[in-house]
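Asks: Spelled out from the first residue to the last, the chains are:
There are 2 protein chains.
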Amino acid sequence: MDMPKELEERIGEIELVLKRYLPKEEGHQKTVLEAMNYSLLAGGKRLRPMLMRETYHLFSGESTIIEPFLAAIEMVHTYSLVHDDLPAMDNDEYRRGKKTTHIAYGEAMAILAGDALLNYAYETAAQAFCMAKDGETDRVIQAFSVFANKAGIYGMVGGQTADVESEGAPSISGEKLDFIYRKKTGALMESAMQVGAILAGASVKEQRLVEELAGEVGLAFQIQDDILDQTSTFEKLGKPIGSDAKNEKRTYVQLYGMEKAKEDVIRLFSDAMEKLASLPGDNPFLNELLRYIVHREK
Amino acid sequence: MDMPKELEERIGEIELVLKRYLPKEEGHQKTVLEAMNYSLLAGGKRLRPMLMRETYHLFSGESTIIEPFLAAIEMVHTYSLVHDDLPAMDNDEYRRGKKTTHIAYGEAMAILAGDALLNYAYETAAQAFCMAKDGETDRVIQAFSVFANKAGIYGMVGGQTADVESEGAPSISGEKLDFIYRKKTGALMESAMQVGAILAGASVKEQRLVEELAGEVGLAFQIQDDILDQTSTFEKLGKPIGSDAKNEKRTYVQLYGMEKAKEDVIRLFSDAMEKLASLPGDNPFLNELLRYIVHREK
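Each protein sequence line maps, in turn, to chains D and R.
Under my numbering, read the first sequence as residues 1 to 298, first letter to last.
Under my numbering, read the second sequence as residues 1 to 298, first letter to last.
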């Protein structure tokens with residue numbers, strides 16, 4: 001499916017928030033600030049902040065306390081791309097049709113820009129503490145803890161580690177591939193939706209359901225990524241196709257075949273939508289967004 | 001001066017705290033956990049957590065709420081070393097007499113281990129929120145904010161950026177070199193002492209004095225580093241001497257000469273001690289520690 005019209009508009013809204021939290025490009029450290037902003041503003045669908053905001057609205061969240069976290073999760077996502085693209089990692093020269101950060105700014109500056117983005121994500125998220133009104137501080141503390149956990153060794157970085165190690169391996173177990181996909185990609189989706197739910201005051205049971213459905217969406221998203229890596233074009237993706245094969249990545253399509261991969265995307269999406277329907281509240285755009293995330297063609 | 005006997009004992013105490021916060025080396029992400037712990041346990045004088053704890057005691061802090069921050073600041077310091085040592089940065093193969101992380105684990109894993117350490121520092125520091133008793137939450141929020149600020153683009157990463165850019169430059173202004181030293185090295189010393197003061201309930205005026213004196217100590221520490229890079233030996237330092245020249249670093253010794261460098265170390269230390277004496281409370285070991293930091297011979 002193509003990108004829904006409403007999604008395009010809302011990308012603009014998210015980018016306005018993001019731009020308010022960008023550092024000013026000045027001082028002796030100007031180059032790293034430019035490299036951070038270059039990578040943050042290199043396009044992208046802003047899916048993680050959008051998932052966060054729409055989940056916040058699903059649970060009737062209405063304050064601006066969500067905004068630092070919207071910017072912060074995009075910073076974490078972007079740092080992971082900048083470091084993933086490095087020569088010692090995936091060695092990619094293009095991302096979203098633009099030169100990757102180390103090509104544009106050199107390798108040392110790309111390492112520092114990634115570090116800077118990760119750290120600035122925490123500086124930015126911590127601004128929510130100053131915005132918290134009576135009773136909101138505990139929610140910010142809980143959101144912060146989930147946010148940090150899902151980004152690190154028990155989340156995204158954990159998945160990246162197993163992913164790097166699986167490159168070039170003769171085979172991989174289904175269980176390990178599931179771990180990689182759920183952590184490398186799923187963890188930040190879980191973070192996005194859980195932080196939205198927590199800040200809006202969702203119950204523990206609701207938070208748990210949100211985590212589960214976000215995990216299913218994240219897994220389906222990554223399987224769809226594998227599918228597109230084999231079936232799309234450079235023009236559509238803005239990066240070379242076939243990069244999984246180039247990096248000797250073990251993929252879902254390789255392990256289970258294209259047909260099962262496509263079936264599983266549909267099944268995971270359907271399971272996620274069932275869980276979403278069981279939650280109180282209604283946010284038709286969130287349904288549409290999840291459908292697009294899973295069934296996108298680029 | 002040699003390391004005071006008491007300092008050696010207290011390094012052991014800090015390491016006991018650090019070890020309680022180390023991640024367990026298990027699961028599909030085991031390798032990154034091993035690389036994190038390898039770099040965290042590669043020795044070192046634990047000066048930053050020690051400064052933090054002794055400043056906490058100076059202001060009569062007595063609870064264990066400081067402990068997550070003690071571990072967290074050592075994690076931030078260690079991530080910066082792991083990334084600094086990478087081939088695209090300083091390209092160092094030895095640190096504290098041991099192989100650097102990318103030599104022991106490969107470059108991709110060293111990038112991930114650095115990212116993991118930085119992120120885990122925030123996960124660890126955030127544990128202080130759960131330990132906070134009545135009225136302590138606001139202190140933890142403030143400490144967290146200083147901690148993040150001093151590590152990032154307006155602190156350590158900012159200094160590293162200017163440092164990387166100054167390599168191989170034909171000359172450098174005194175003002176820029178001061179910025180590099182105060183940020184690259186001084187910022188984490190400021191963070192250490194400020195977090196200790198904040199968590200113990202120091203007044204805003206006292207916090208400001210602590211920040212200033214920590215900045216002076218940090219600057220003196222870095223100048224002493226330059227001096228040792230020219231005058232010490234591999235055996236004493238545990239790493240090759242002359243590495244500043246190898247990396248075409250612009251140094252204080254180069255800009256002002258050895259004599260003025262040595263004089264300034266003494267002057268900065270004396271200014272810092274004067275500020276320390278003007279604060280309430282007394283911690284003779286902190287005086288001794290600052291003297292050692294500035295006048296160490298390795």
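Among these hints, one or two may not hold up.
Chain copies aren't distinguished; within one or between two, either way the pair holds.
[To be verified] When the alpha-carbon atoms are kept at most 35 Å apart in a straight line, the in silico DSBU-like pairs for lysine-lysine are as follows:
id : residue 1 : residue 2
1  : Lys-99    : Lys-176
2  : Lys-24    : Lys-176
3  : Lys-98    : Lys-262
4  : Lys-275   : Lys-24
5  : Lys-275   : Lys-5
6  : Lys-298   : Lys-5
7  : Lys-30    : Lys-260
8  : Lys-205   : Lys-99
9  : Lys-205   : Lys-98
No lab work stands behind these hints, which were simulated from the structure alone.
These numbers come from a predicted model, not from an experiment.
Asks: The structure should be examined with respect to each hint, and the outcome stated for every one.
Replies: So, going through the hints one by one against the coordinates:
1. Taking the closest pair of Cα atoms, Lys-99 and Lys-176 come within 35 Å of each other both inside a single copy (32 Å) and across two copies (30 Å).
2. Within a single copy, Lys-24 and Lys-176 get their C-alpha atoms only as close as 42 Å, which misses the 35 Å cut-off; across copies the closest is 19 Å, which meets it.
3. Taking identical chains as interchangeable, the C-alpha atoms of Lys-98 and Lys-262 lie at most 35 Å apart only when both belong to the same chain, with a minimum of 29 Å there against 49 Å between chains.
4. In this homomeric assembly, Lys-275 and Lys-24 come within 35 Å of each other (Cα to Cα) only across copies, at 33 Å, whereas the closest approach inside a single copy is 42 Å.
5. Taking CA atoms no more than 35 Å apart as the test, Lys-275 paired with Lys-5 passes inside one copy only; the shortest distance there is 25 Å, against 61 Å between copies.
6. Taking the shortest alpha-carbon separations for Lys-298 and Lys-5, only the intra-copy value of 15 Å comes in at or below 35 Å, while the best inter-copy value is 63 Å.
7. Proximity of Lys-30 to Lys-260 under the C-alpha cut-off of 35 Å is restricted to the inter-copy arrangement: shortest distance 30 Å between copies versus 49 Å within a copy.
8. Neither within a single protomer nor between protomers do Lys-205 and Lys-99 lie at most 35 Å apart by alpha-carbon distance, with minima of 43 Å and 48 Å respectively.
9. For the identical chains of this complex, Lys-205 and Lys-98 are neighbours neither inside a copy (42 Å) nor across copies (48 Å), given an alpha-carbon limit of 35 Å.
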